[in-house]
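Asks: These are the residues of each chain, in order.
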Amino acid sequence: MDFLAAGDLSTALDARAEHPEAELLAGGTDLMVEVNLSYHRPAGVIAVRSCEELLEWEGRRIGAAVTWARLEDGPHRALAQLARTIGSPQIRAAGTLGGNVATASPAGDGLPWIAAIDAEIEVASQRRGTRIIAWDEFFVGVKETTLAPDEIITAILLPEHMPVSQEFAKVGVRNVMVIAMVNCVVARGEDGFRVALGSVAPVPIRAYRAEEMINAETSISDAALTEFARIVSDEVRPISDHRSTEAYRRHASGVLARRLVERCLAA
Amino acid sequence: MTVGTKERVAAGIGENAPRPDGVAKLSGNFAYGSDLWIDGMLWGATLRSPYAHARLVELDITPAVVMSGVRAVLTQDDVPGRPTFGQVEPDQPVLCDGVARYWGEPVAIVAADDQETARAAVEAIIVEWEPLPPVTDPDQARAAGETYRDMVIRRGDADAAGSVVIEGEYETAIQDQAPLGPEAGLAIPDGSGGVDLHVTSQWIHIDHAQIIASLGMEPDDVRCHPVGIGGAFGAREDISLHIHVAMLALRTGRPVRIVYDRTESFAGHVKRHPARMRYRHEADDEGRLVKVTVDMVLDGGAYAHTSHAVLANASFFTVGPYKCDNVFVDAAVSRTNNPPAGAMRGFGAVQVCFAYESQMDRLAEVLGLHPLEVRRRNALGPGDPLATSGQIVEGSLPTLRVIDELESIPMPDAAIPDDPRRLPGGTGLTTPKDAVVRGVGFALGLKNLAFSEAFDDFSEVLLILTPAGLEIHTAAIEVGQGLVTICEQIARTVLGIEAVAWLSADTSQIGSAGSTSASRQTQMTGGAVYEAAVGLRDKILQQFGGDELTNDGVYDRGELVATLDAVTADGPIEQWVRYRHPPTEEPDEFGQGNPHAGFVVAAHRAVVDVDPELGLVRVVQIDTAQDVGKALNPQAIVGQLEGGIAQGVGFAIMEELIVEDGVILNPTFTDYLIPTLLDMPDVGSRLIEEPAHWGPFGAKGIGESPTISSTPAVVAAIRAATGRPLNRVPVRPQDIAGV
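Heads up: the sequence lines are chains A and B, in that order.
Going by numbering that gives the first Met the number 0, the letters in the first sequence line up with residues 0 to 266, in that order.
Going by numbering that gives the first Met the number 0, the letters in the second sequence line up with residues 0 to 738, in that order.
Possibly wrong hints are sitting among the right ones.
[What the hints assert, rightly or not] One-sided excerpt, in silico: chain B residues whose CB lies under 7 angstroms from chain A:
1. R118
2. L179
3. T426
4. G427
5. N665
6. L672
7. T675
8. D678
9. V682
10. L686
[Claimed, not checked] In silico negatives: residues of chain B with every beta carbon more than 10 angstroms from chain A:
11. E122
12. R277
13. Q541
14. E659
15. T669
[As the list claims (entries may be wrong)] Which stretches of chain B does chain A cover? Using the computed rule of at least three CB atoms under 8 angstroms from a CB of chain A, they are:
16. 256 to 268
17. 501 to 507
18. 726 to 735
Just so you know, these hints were derived from the structure itself, not from any lab.
Nothing here was measured: the structure is a model prediction, and the numbers come from that model.
Yeah, the Cβ is synthetic: ideal placement off N, Cα and C, and Gly gets one too.
In isolation and in its complexed conformation, chain A is listed as follows (with noise of 0.2 angstroms):
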C-alpha cells in the first residue's frame, strides 16, 4: 500500500490525479477505524492533514481539515456545539469537518448545520480546478457523494447572511460520545426558521414542510409548535436498526426540534 503525505493542496491533488483509488487521510477517526477494525485495506493512502490550504478558516471559509476542537472554540454558536459531542477529547483533536462531510454518514453531526445554512461544500481537482456543490447535491446515500475520485473536498462555504441564532441538538443514549440517534440544528434567519435532521434519512435533510408551516405563523403558540412537532415527525424518513427504532426516531425529532426553535426563540 503506497502513503503520501501531501504538505500543500497542489501535491495532494496530483497524487489523487494519479492514484484515483487511493483514499484520503485527515483526522483518520473513520479511515483508521475501518482499517484497524474491518481490516479495510486501502489500495493507497494520501493524507493531506498538514495541506494548509485546508486548514485555514476565515471569514466564511472554513478549511475542509479544520477540527472539532477549532470549531467547538468558534464563532457558530450550533457548530461548536455539535463539535463539542463528537468523540472524546482525542478524536476531537484529530477529526474534521472535511472528513465529516467526505465520510457523508447519515449520523455525520456536522451535516445538519451545513443543511440548515446552506452551505456549500467547495471540492478541488487537478483537472477541472474547483467547484461548487450545494450540499443537497454532494450528499446522495448512505456514505455516498457526488465528489469526483480525482477530487479533495478543500472547504465548506458558509453563506453571505448567516443565521442571527441557531441551536444543535443530539439524541443518544449515553450522555457523551455517542452516536446520534438523532440529530438536529434549527436556524434562525430573516426568512424565518430552518430545520434540519440527521440520522432520520440516508442523508441530512431539511423539513421543508415543517419549516413553511412555522413560517407562516405571525405569533409562535404552543398549538403551532406541536403541530410544527407532528409535521417535522411526519416529514423525516428514519429507519429501524440496533440503535434506535423508526417510531422513536420519528417522535424524537419532532421533540428536538420543537426545544431548538424555542431556543432560538429565547436566543
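Based on the hints, put chain B in the right spot on chain A.
Replies: Coordinates of chain B only, in the frame set by chain A:
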C-alpha cells in the same frame, strides 16, 4: 535488653494500604496480557463462523497454507487430544466440528510471521456454509427439552394464599463484561515437547485441566502462567484462545501470540444470560410475603459453560433477602444458537434481583407503604431460613442495618443542575431544566459467597519467610479488584512483618487457588493466607519461645529473643495450606438443603433525573450500604462499590448486546455503550461491619453485590419519575417515552 516498639504493623488490615500495581497502572507501565511479546514469535488469527447455525460444507485451507509467511493452519482434525472443552461439561469443539452453533465460533486458526499475514491467511481460507435455521427463542428451546439444566424448588404449602397478589413478567437483555483488555495469550514451546502458556484468565488451574485434555498431554507438560488482567468480570472464567495458541506453538515449535480485537472479544467470551421471568408474589395485608411463585428461563446459548451454576443462583436467590415460607420455582437454562452465556459479575443473582425488587416495589405501592418499609417487614436475617432452599442463614446478614444505614446517607441537592452536561442528554443539549423530572428508587440484593452445591472449593497458598521478609506464593489471579493488596495486609497483620511480597505461581508450582469470581478470593485466598500466616507465626513463636512476632523478630514478654535474621538463619521457613470454606451440600430434587457457604447483602438508593418526553436519563446519585463483614481495605471496597455501580447503571440504561438471528449487531465500543465519567453518578457509601462466620477477620467478599441491586434501584427511580412500568432492562429511551 531491647524493648520493642509494639506499634501495630503498617499497612495491615483496616488501612487503605496502597496497591502494588497502582502506580504502574496509572503511569502506563503495567504489562497487560495484550502487551505480551517475545522475540521471534508468530502471530495467530482465527477464522470464525459468519452464521449462528450452519453446516460446514467445505473447508479448504490450501490457499492459506501456501502463503508466504504462514507457518501453520489448523482445524478440528489437528486437535491432538479431546476434541471438545468446557468447564463443567466438555461440549464445545475446540474448532468447528462440522456444524457452527453460534456466530463467531472458531473454525480454523493460523500462525504467521506477522499479524497482517495471519489475518490475510484467514481470509484466504476457502469455506462454504449451508446455513441452518438458528434456534434463538429460549422458551421454544425449553419446550423442546433443549436445556442445560432444569431447577425445581418446592418449599412450603402450595395452597397458601395471600390477600394481595402481584404478578409481573420481567426481561433482562444480554450484558457483556466489556473488559477493556481483550483476550490475549502467548504460548512458548519449552523445547522438550511441552509448552508454557501465558494467558488472560481468572482461574489458571481450571484452564490447565481443559488444555491438557485437548492437547492430549500430561499435566507436567503444560504450565499456565498468570498475566496482567485488564478487566475480567467473569469473561475470563472460560476458555477462549488458550488451546488454539498452544496448538499453534506446539505445531510450529515457535512462540505464538494471539490477541483478540474488539469485535472478536465480543464474540469470543461468554456473556450474562438474558432472562425471562414470570413472577407471582402473594402477601398479607401488612405486606409480609406469603407465597412466591416463579417461572423463568435463561438463555444459555450454544454451549454449556457455567450455565448450570448460573441457573442455581437465579433459582436460589429468586426471592432476594426476604423471608417467605412458601416458594415454588420452575426454572430452566436453554440451549440455543445465541452467543454462549456464562459467568458475569452477579452470576444469576442479577437477573432475578431486577424481577423480585420490581415486585417488592409494586407490593409497596399497592399497600401504600414506603418501598423500604415493605422490605423491612420481610427482611431476612441470621437464623432465618432462606426462602427457597430453607437453609438457615448462618453468620451475619445485616439486611435491616443496610436499610437503616442507606437511609442515613444525605440526599443530593434537590435543585436540578444548571450545567447541561449534568442533565439528561448531557452534551447533546437535548433537555431544558424544566423538562426534567426527578425520581428516587431503592433496591436490595442477596448473593452467595464462594462456590455452592457441594463443590470442593479450596485455595492453596505457600508462605515463605526469608531474611528479606515474607513471600506469598499463590496461583490466585488479581483482576484489578485488589486481591494482592488485601492478602498482603492480612499477612502483615497476622505476622507483624511489613515486608510482604506477592509472587504469582504457575500451575506447576502450586495447587489451585480457585477462581477469582463468586466474590470468593478475599475469603478463600485471603483465608488461606490468614491460616498459613497463623501457622507460620505459631511455629516460629514455639520454636523461639516467644509470644509476639514483629518486624524486629520474636519477642517474649516484651523482650526481643530472636531477630528475623536469627529466625531464618537455618533457611527460609515455609507454611503451606489448602484452605476450604465450610462444606456445602447438593440440594435435593426440590431444591431443599444447605447449598451455600454464606451470604452477603447490599442496598442501593438511586436518584435520577429523567426527560420523560425524550426518554433520556441522567443518574444523579447512587448511595449504597454494603455488608462487608470486616473492611480489610476500606478504599479498595469503595472502589468495588463504585465500579460495580457503574456496571449496574450501564445495565439499567444502556448496556445491551443486540442479537438478531443469533448475530451480534453491535460488537464494538461504538455501539455497545458503557457509562463514561459523565454518566457516572456521585456515590455515597456505608460499610456495615458484622463479621462473617468464616474467612479472614470476618471479612466477606463484596465484588458482586454493587452490581446486583444498583440496576433495579435505577429502574425504580425512573419508574418513580415517569410512572412507566419498565419491565425490561436495559431501559431504552423509547420505553420511557412510550413510543
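Asks: All hints, please: hold or fail.
Replies: Hint check results:
A hinted interface residue such as R118 (chain B) counts as satisfied when its beta carbon comes closer than 7 angstroms to some beta carbon of chain A; here the least separation is about 6 angstroms, so the hint holds. A hinted interface residue such as L179 (chain B) counts as satisfied when its beta carbon comes closer than 7 angstroms to some beta carbon of chain A; here the least separation is about 14 angstroms, so the hint is violated. Evaluation of the T426 (chain B) hint against chain A yields a held restraint, the C-beta minimum of about 5 angstroms falling below 7 angstroms. Nearest Cβ of chain A to the Cβ of G427 (chain B): about 4 angstroms, under the 7 angstroms cut. The hint holds.
Taking 7 angstroms as the C-beta cut-off, the interface hint given for N665 (chain B) holds, the closest approach to chain A being about 5 angstroms. Because the beta carbon of L672 (chain B) sits about 5 angstroms from the nearest beta carbon in chain A, less than 7 angstroms, this interface hint is met. Annotation: interface hint on T675 (chain B) holds; nearest CB of chain A at approximately 5 angstroms, less than 7 angstroms. At about 5 angstroms, the closest approach between the beta carbon of D678 (chain B) and any beta carbon in chain A falls short of 7 angstroms, and the interface hint on this residue holds.
With 7 angstroms as the threshold, the beta carbon of V682 (chain B) stays out of range of chain A, its nearest partner Cβ sitting at about 17 angstroms, so the hint is violated. Interface hint at L686 (chain B): violated, since its Cβ lies 29 angstroms from the closest Cβ of chain A, which is beyond the 7 angstroms cut-off. Its beta-carbon lying about 8 angstroms from the closest one in chain A, E122 (chain B) breaks the requirement of being farther than 10 angstroms from that chain. At the 10 angstroms boundary, the C-beta of R277 (chain B) stays outside the reach of chain A, the nearest C-beta of that chain being 25 angstroms off.
Once the 10 angstroms rule is applied to beta carbons, Q541 (chain B) is consistent with being away from chain A; the minimum gap is 60 angstroms. Listed as a non-interface residue, E659 (chain B) fails to keep its Cβ farther than 10 angstroms from every Cβ of chain A; the least gap is roughly 8 angstroms. Its beta-carbon lying about 6 angstroms from the closest one in chain A, T669 (chain B) breaks the requirement of being farther than 10 angstroms from that chain. Remark: the region 256 to 268 of chain B is confirmed as covered by chain A, as 3 of its residues place a Cβ nearer than 8 angstroms to a Cβ of that chain, reaching the required three.
Judged by the Cβ-Cβ criterion of 8 angstroms, the region 501 to 507 of chain B is not covered by chain A as claimed, because only 0 of its residues qualify and three are needed. Coverage of the region 726 to 735 of chain B by chain A holds. Counting CB-CB distances below 8 angstroms, 3 residues qualify, and the rule asks for three or more.
When each numbered hint is compared with the structure, violations occur for hints 2, 9, 10, 11, 14, 15, 17.
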